[in-house]
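Trainee: Heads up: the protein sequence lines correspond to chains A and B, in order. Counting from 1, one number per residue, gives the positions in the first sequence under the working numbering. Counting from 1001, one number per residue, gives the positions in the second sequence under the working numbering.
In short, the hints are calculated from the structure, not lab data. Hints should not be assumed to be uniformly reliable.
[Said to hold, decoys possible] In the DSBU-like style, the derived pairs of lysine-lysine whose C-alpha atoms are separated by at most 35 Å in a straight line are:
no.: 1; chain 1: B; residue 1: K1067; chain 2: A; residue 2: K201
no.: 2; chain 1: A; residue 1: K201; chain 2: B; residue 2: K1038
no.: 3; chain 1: A; residue 1: K28; chain 2: B; residue 2: K1100
no.: 4; chain 1: A; residue 1: K168; chain 2: B; residue 2: K1049
no.: 5; chain 1: B; residue 1: K1100; chain 2: B; residue 2: K1032
no.: 6; chain 1: A; residue 1: K24; chain 2: A; residue 2: K116
no.: 7; chain 1: B; residue 1: K1071; chain 2: A; residue 2: K168
no.: 8; chain 1: A; residue 1: K24; chain 2: A; residue 2: K48
no.: 9; chain 1: A; residue 1: K43; chain 2: B; residue 2: K1071
no.: 10; chain 1: B; residue 1: K1071; chain 2: A; residue 2: K24
no.: 11; chain 1: A; residue 1: K43; chain 2: B; residue 2: K1048
no.: 12; chain 1: B; residue 1: K1067; chain 2: B; residue 2: K1049
no.: 13; chain 1: B; residue 1: K1038; chain 2: A; residue 2: K176
no.: 14; chain 1: A; residue 1: K42; chain 2: B; residue 2: K1032
no.: 15; chain 1: B; residue 1: K1047; chain 2: A; residue 2: K125
no.: 16; chain 1: B; residue 1: K1067; chain 2: B; residue 2: K1032
no.: 17; chain 1: B; residue 1: K1048; chain 2: B; residue 2: K1038
no.: 18; chain 1: B; residue 1: K1100; chain 2: A; residue 2: K176
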Amino acid sequence: MAAGSISEDEFWNSIISFLTLSSKIDRKWMIIDTQNGARYVKKTEIIKDTENKEHPASPMDNAHIRNNEIEDEDSAVFQGEESLDQSILTWEYHILYSQSFSVPVLYFNVHTQNGKLLSLDEIWKKVPETYQERLSEDRWTFISQQEHPVLGCPYFYLHPCHTAELMKNTPAVTDKRHYIVAWLSAVGPVVGLNLPLEYGKLCAC
Amino acid sequence: MSDDGNESRDSKNTETEEKSSPTSPSHAVESKIDVLLKPAGDAPIMKKKKWAVDRNKRIGWVGEFIKKYLKLTAQDSVFLYVNQSFAPTPDTEIGSVFDKFLQTSMKMTKITEGPWATSLT
Chain A
1 MAAGSISEDE
11 FWNSIISFLT
21 LSSKIDRKWM
31 IIDTQNGARY
41 VKKTEIIKDT
51 ENKEHPASPM
61 DNAHIRNNEI
71 EDEDSAVFQG
81 EESLDQSILT
91 WEYHILYSQS
101 FSVPVLYFNV
111 HTQNGKLLSL
121 DEIWKKVPET
131 YQERLSEDRW
141 TFISQQEHPV
151 LGCPYFYLHP
161 CHTAELMKNT
171 PAVTDKRHYI
181 VAWLSAVGPV
191 VGLNLPLEYG
201 KLCAC
Chain B
1001 MSDDGNESRD
1011 SKNTETEEKS
1021 SPTSPSHAVE
1031 SKIDVLLKPA
1041 GDAPIMKKKK
1051 WAVDRNKRIG
1061 WVGEFIKKYL
1071 KLTAQDSVFL
1081 YVNQSFAPTP
1091 DTEIGSVFDK
1101 FLQTSMKMTK
1111 ITEGPWATSL
1121 T
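Bound conformation, chain A alone (with noise of 0.2 Å):
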């Protein structure tokens, strides 16, 4: 197995570990079994998109919406209004296992309440402008769009092809629970995606 990579294994260990954090931390992330038995890791984040351009809304922010809160604002908006909130957005954030580069991958989709998918341009105007210059520059974040392995709708995802490269030299890799951890929060920053500081702390070795 090449440097940097994990096996499936070694990938749903480490799931789980991430797991245990959330459930600590902010009860994020869960994990979704499908009726033919695959499974993935899911997030999903509710931002509401302020008109001030200098502070769009990603899960960066910290303008995030509860559902009840959700209603309140609904309720406002449809006086009078025959669509829904565009402004409400919603993010969500599947983690897969990919079995050609034995990696874990990103896949991610952002959409309106009517359902309507934003574009990739549409997406990286709402990620802060220090991620939006990483992302261009560097070369292991690239995003493309493909078909997604459980659900067959289109998603974005973050290539793996660099990952392995980029965990290889990672401190992690002598202790794979931490995986997707360093991962993540390696990569999840050119796409909207925060972990907090408090993954760090309890993952102590």
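Based on the hints, put chain B in the right spot on chain A.
Mentor: Chain B in isolation, oriented as in the chain A frame:
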């Protein structure tokens, strides 16, 4: 300083922090944090490993600083990990990292572009 196990390194780092940070009673919080950079993987060794950094400087700033110090190109990426396994987001303040982890011993990973760029020296 010998490069022995990380745990002993970390405790050395903590001791150093207590000695060198400002000790006047009016400073409830240190204004500068000692950051110790250790290379991981292919990362080059820095001659100066310990840096005093303002606590409100961000991780991204430290990364850019390292790139300039090591004369890396725009295609090279520097990743900073804390506690062996976690990369704080670039906009995280160093002060927050110190407060959370009570030490700022960071391992730096460098990724170069393509197999033809294997060494900087």
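Trainee: Each hint needs a verdict: does it hold in this structure or not?
Mentor: Hint check:
{"no.": "1", "hint": "B:K1067 <-> A:K201", "verdict": "26 Å, holds"}
{"no.": "2", "hint": "A:K201 <-> B:K1038", "verdict": "19 Å, holds"}
{"no.": "3", "hint": "A:K28 <-> B:K1100", "verdict": "21 Å, holds"}
{"no.": "4", "hint": "A:K168 <-> B:K1049", "verdict": "22 Å, holds"}
{"no.": "5", "hint": "B:K1100 <-> B:K1032", "verdict": "15 Å, holds"}
{"no.": "6", "hint": "A:K24 <-> A:K116", "verdict": "33 Å, holds"}
{"no.": "7", "hint": "B:K1071 <-> A:K168", "verdict": "23 Å, holds"}
{"no.": "8", "hint": "A:K24 <-> A:K48", "verdict": "25 Å, holds"}
{"no.": "9", "hint": "A:K43 <-> B:K1071", "verdict": "38 Å, violated"}
{"no.": "10", "hint": "B:K1071 <-> A:K24", "verdict": "41 Å, violated"}
{"no.": "11", "hint": "A:K43 <-> B:K1048", "verdict": "41 Å, violated"}
{"no.": "12", "hint": "B:K1067 <-> B:K1049", "verdict": "14 Å, holds"}
{"no.": "13", "hint": "B:K1038 <-> A:K176", "verdict": "20 Å, holds"}
{"no.": "14", "hint": "A:K42 <-> B:K1032", "verdict": "39 Å, violated"}
{"no.": "15", "hint": "B:K1047 <-> A:K125", "verdict": "39 Å, violated"}
{"no.": "16", "hint": "B:K1067 <-> B:K1032", "verdict": "21 Å, holds"}
{"no.": "17", "hint": "B:K1048 <-> B:K1038", "verdict": "10 Å, holds"}
{"no.": "18", "hint": "B:K1100 <-> A:K176", "verdict": "23 Å, holds"}
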